[in-house]
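Given the coordinates of chain A, work out where chain B should sit on it, guided by the hints.
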Amino acid sequence: MCWRGGREVFRGICFAVASGEGLLLTGRNGAGKSSLLRMIAGLLRIAGGRLELTGGAIDREIAEQAHYLGHLDAFKPSLTVGENLSFWIDYLGGQGHPQLALEAVGLGSLTHLPAGYLSAGQKRRLSLARLVAIDRPLWLLDEPTSALDATAQTMLLDLMRKHLAAGGLVVAATHQQLDLQNVRELRLGAAA
Amino acid sequence: MSALAALFLRDLRIAVRIGGGAMMGVLFFLTVVALMPFAIGPDLALLQRIGPAILWIGALLASLLALDRLLSADLEDGSLDLLLMGGTPLELAVAAKALAHWLTTGLPLVIATPVFALFLNLDLTATAAVALTLLAGTPALTFIGLVGAGLTVTLRRGGILLSVLVLPLTIPVLIFGVAASNAAVVGPLPFGTPFTILCALTLVSLVIGPFAAALALRHGQE
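The listed protein sequences correspond, in order, to chains A and B. Our numbering numbers the first residue of the first sequence as 37 and each following residue consecutively. Our numbering numbers the first residue of the second sequence as 1386 and each following residue consecutively.
Extracted from the complex, chain A is given alone in its bound form (with noise of 0.2 Å):
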């Protein structure tokens, strides 16, 4: 059950994702996708329900299992790119290499600029090269084709690919169909 600003988004709401398994929200504006996305990553109160985590790493929250790419980016636009993603790697005790992950999404030639420099595409590329460069095994993905190219979408499919081969766990709300296996539907609001 969701609340916000004392209005019930949803409730009644069950779901179950397995390693390697993906999951889309989809749903009209208001829905509470991303309510619903912010509640697993623990910035949101749950209302009531309850998640929970079986096997894996259950000695830690699941928050901090998971990336979270939001509607923010996250970055500084006074510090460079590099420093930008070298911060992010060192505070979510990531291992990834920050030039290598530049590199992975196309943003390799650009390590010395200030982030205020980039366009709203390369900042959310450069919030990709995030959930290469730090090894979490749940991505919670909140429109994460929006302001992305062709080219860029089709390199986010890889990515979310590679990371469902590798036995990973994606959570993602969007509007648009995304061309991948092995993933399931969630429809919120459906209901009401």
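Everything labelled a hint here was simulated from the structure, so no lab data went into it. Heads up, the beta-carbon is just placed ideally off N, CA and C, and yes, glycines get one too. Misleading hints may appear alongside valid ones.
[Stated by the list, open to error] One side only, chain B facing chain A, incomplete, derived with CB under 10 Å:
{"id": "1", "residue": "L1389"}
{"id": "2", "residue": "L1394"}
{"id": "3", "residue": "I1399"}
{"id": "4", "residue": "R1402"}
{"id": "5", "residue": "R1434"}
{"id": "6", "residue": "G1463"}
{"id": "7", "residue": "Q1606"}
[Stated by the list, open to error] Away from chain B, derived, C-beta distances all over 12 Å, residues of chain A:
{"id": "8", "residue": "R64"}
{"id": "9", "residue": "I94"}
{"id": "10", "residue": "A151"}
{"id": "11", "residue": "S155"}
{"id": "12", "residue": "A183"}
{"id": "13", "residue": "N218"}
Showing chain B alone in chain A's frame:
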């Protein structure tokens, strides 16, 4: 690099880059101190007597000025969400942020004090006393302000509310800071008595500030 060191260094870097605002507090401090003789008049004896109080008020207002960016910048660009998802306790993370904030906004005020004291005709003892009390007292201002920043972080234009919330809480720091400075110059109280209480206030705020701010941040996540 450990997570906390990375956060600390990141905040230092942002503060010294363009738009970081590390020097804004010092400029504001300068403005307040420079305005006082114009308002009070060229009475050197009077300026000397109230100089420590003017410097303290100036430093208090200047440190308040930068506080509303302490946490709200991280909320606006989504960094706060990710900071919450690291393995680091939020209490330590906000403490590291506050420490970096003090180094870039509080410490420059202390360093600028000897220069600004000249404007107020303070002698060497009084200048040293004010600088020393500011060095001991400004961390308390930052860490008390940290709580206010945590409470007002989700509000747009929360800066004024932040000042209204924080200023009353800083009154004890102001009282003992100015009392210690005056004690060093005119007595009759020994300098050590109010100065020790000032240090105690700082230590208490160092302990309580991060916990209260983390509590406010968690509560404000909606």
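Results of checking the hints against the structure:
| no. | hint | in the structure |
| --- | --- | --- |
| 1 | L1389 | holds, 9 Å |
| 2 | L1394 | holds, 8 Å |
| 3 | I1399 | holds, 6 Å |
| 4 | R1402 | holds, 4 Å |
| 5 | R1434 | violated, 43 Å |
| 6 | G1463 | holds, 3 Å |
| 7 | Q1606 | holds, 6 Å |
| 8 | R64 | holds, 22 Å |
| 9 | I94 | holds, 15 Å |
| 10 | A151 | violated, 10 Å |
| 11 | S155 | holds, 16 Å |
| 12 | A183 | holds, 14 Å |
| 13 | N218 | holds, 26 Å |
The structure is inconsistent with the numbered hints 5, 10, although it conforms to all the rest.
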